[in-house]
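Same order as they appear, the protein sequences are chains A and B. Mind the numbering: the first sequence is residues 0 to 95 in numbering that gives the first Met the number 0, read in order. Mind the numbering: the second sequence is residues 0 to 230 in numbering that gives the first Met the number 0, read in order.
Please note that the accuracy of each hint is not assured.
The list that follows gives simulated cross-link-like pairs (lysine to aspartate or glutamate, DMTMM-like), each with its CA atoms no further than 20 angstroms apart [said to hold, decoys possible]:
#1 B:K127 x A:E5
#2 B:K37 x B:E209
#3 B:K201 x B:E36
#4 B:K58 x A:E5
#5 A:K42 x B:E209
#6 B:K58 x A:E48
#7 A:K42 x A:E58
#8 B:K201 x A:E5
#9 B:K37 x B:E166
#10 B:K58 x B:E36
#11 B:K58 x A:E65
#12 A:K1 x B:E166
#13 B:K58 x B:E166
#14 B:K58 x A:E38
#15 B:K131 x B:E39
#16 B:K127 x B:E209
#17 B:K58 x A:E58
#18 B:K131 x B:E36
Restraint ranges, calculated between C-beta atoms of paired labels, are given here [unchecked claim]:
#19 B:K127 x A:L9: 24 to 30 angstroms
#20 B:E209 x A:V14: 17 to 23 angstroms
#21 A:Y88 x B:M34: 43 to 49 angstroms
#22 A:Y49 x B:G215: 28 to 34 angstroms
#23 B:G215 x A:T53: 23 to 29 angstroms
#24 A:E63 x B:R226: 41 to 47 angstroms
Residues from chain B shown here face chain A by an in silico Cβ test under 10 angstroms; the list is partial [what the hints assert, rightly or not]:
#25 F16
#26 A20
#27 Y25
#28 G128
#29 V157
#30 G168
For the record, the hints were derived by calculation from the structure and aren't laboratory data. Ideal Cβ placement from N, Cα and C applies to all residues, glycine included.
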Amino acid sequence: MKYALEIAVLAIVLVFAASILVVLSTGEHEWAGADDQAEDVIKEMTGSEYEPWTTPVYEPPSGEIESLFFSLQAAIGALVIGFFFGYYYRGRQITT
Amino acid sequence: MHIMEGFLPPAWCLFWFLVSAPFIIYGMYQLRILMREKRETLPLLAVAGAFVFVLSSLKLPSVSGSCSHPTGTGLGAILFGPCITSILGLIVLLYQAIFLAHGGLSTLGANVFSMGIAGPILAWAIYKGGQKTGLNTYLTVFLAAALADLFTYVVTSVQLALAFPAEVGGFATSFAAFATVFAVTQVPLSIIEGAVIALTFKYIIDVRSEILVKLGVLTDAAAGRLRGVGA
């Protein structure tokens, strides 16, 4: 089948999305980053609060600005992927 | 997720920098050869790098009720090998450390090792192994990318457990605790990542299978077969 792989990937994504919906409806979750949780584990394991010995050179002043940089990162990546796939598809049309 | 700035004692930071450095240096050497001898593969390198950019910026929710992001390093590892991929990882980690306070400059060595080196080495090994045993190419790519993602977080757990062994039980207890936190979040995400990268691989075969042959990723026969079937 020509689109077997596409269908399989779509199915995986749908199962994933459905699982999130199930979790959403079953109680309160923080949806925090896993690295924040790691901080708690450090405390739990060593029995004391760990004091970071250095701080980031620059910290986004707010959550909004942080998402700006994250979306910028995704946009740059998506642009490059789109550009080169477009370039490749065009090349194929000309040669065949 | 990466180890945050300042969250690894200086001695361990230095240790992981020293471990990562040879891979980065060898990767730069390989990259120079690639740029000289196989220039037509560079767009593909850009795509592989862009994949790391996109996937590692997507913080996805997971069934555990927490968020994490995929790594996207599997594609680069399959196409160009782990050393060149370590440079792609380094670029992304630098971006995130400088602009996002995500990861950090002091922990850069450790994060490059987990995301840019350990994961890609596993992906590359799985891909090569799968090719030898004649496993379905897309299944191999899926497994390589998904397990590379997962392995990155296993290594992160090892790094954290080495630096913060539990008072009772030492390294093993600590590793189990860190691995649980990361693994439950990461398993679904790594499956998604594997699927997306397998699909991308199909499109690369569709448009430019001859570059894959040139890179030694596929044999001529395999490329022809995959194109013919269209999967």
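Structure-based check of each hint:
1. B:K127 x A:E5: Outside the cut-off at roughly 24 angstroms; violated.
2. B:K37 x B:E209: Between B:K37 and B:E209 the Cα gap is close to 12 angstroms, so the pair holds against 20 angstroms.
3. B:K201 x B:E36: With a Cα-Cα distance of about 25 angstroms, the restraint between B:K201 and B:E36 is violated, given a limit of 20 angstroms.
4. B:K58 x A:E5: violated, 23 angstroms
5. A:K42 x B:E209: violated, 53 angstroms
6. B:K58 x A:E48: violated, 27 angstroms
7. A:K42 x A:E58: Cα-Cα ~23 angstroms, so violated.
8. B:K201 x A:E5: holds, 10 angstroms
9. B:K37 x B:E166: Given that 20 angstroms is the threshold and the Cα spacing comes to 53 angstroms, the pair is violated.
10. B:K58 x B:E36: violated, 37 angstroms
11. B:K58 x A:E65: holds, 12 angstroms
12. A:K1 x B:E166: violated, 56 angstroms
13. B:K58 x B:E166: The given pair, whose Cα atoms are some 32 angstroms apart, is violated under the 20 angstroms limit.
14. B:K58 x A:E38: holds, 18 angstroms
15. B:K131 x B:E39: Since the Cα atoms of B:K131 and B:E39 sit roughly 26 angstroms apart, the hinted pair is violated (cutoff 20 angstroms).
16. B:K127 x B:E209: Distance ~18 angstroms between B:K127 and B:E209 Cα, so the pair holds.
17. B:K58 x A:E58: holds, 18 angstroms
18. B:K131 x B:E36: Judged against 20 angstroms, a Cα distance of about 26 angstroms means the pair is violated.
19. B:K127 x A:L9: 24 to 30 angstroms: Since the Cβ atoms of B:K127 and A:L9 sit about 29 angstroms apart, the hinted range of 24 to 30 angstroms holds.
20. B:E209 x A:V14: 17 to 23 angstroms: Violated - the Cβ-Cβ distance for B:E209 and A:V14, about 35 angstroms, lies outside 17 to 23 angstroms.
21. A:Y88 x B:M34: 43 to 49 angstroms: violated, 24 angstroms
22. A:Y49 x B:G215: 28 to 34 angstroms: violated, 45 angstroms
23. B:G215 x A:T53: 23 to 29 angstroms: violated, 42 angstroms
24. A:E63 x B:R226: 41 to 47 angstroms: At 46 angstroms between Cβs, range holds.
25. F16: violated, 14 angstroms
26. A20: violated, 20 angstroms
27. Y25: violated, 25 angstroms
28. G128: For B:G128, the interface hint is violated, since the closest Cβ of chain A sits about 21 angstroms away, which is over 10 angstroms.
29. V157: violated, 13 angstroms
30. G168: holds, 9 angstroms
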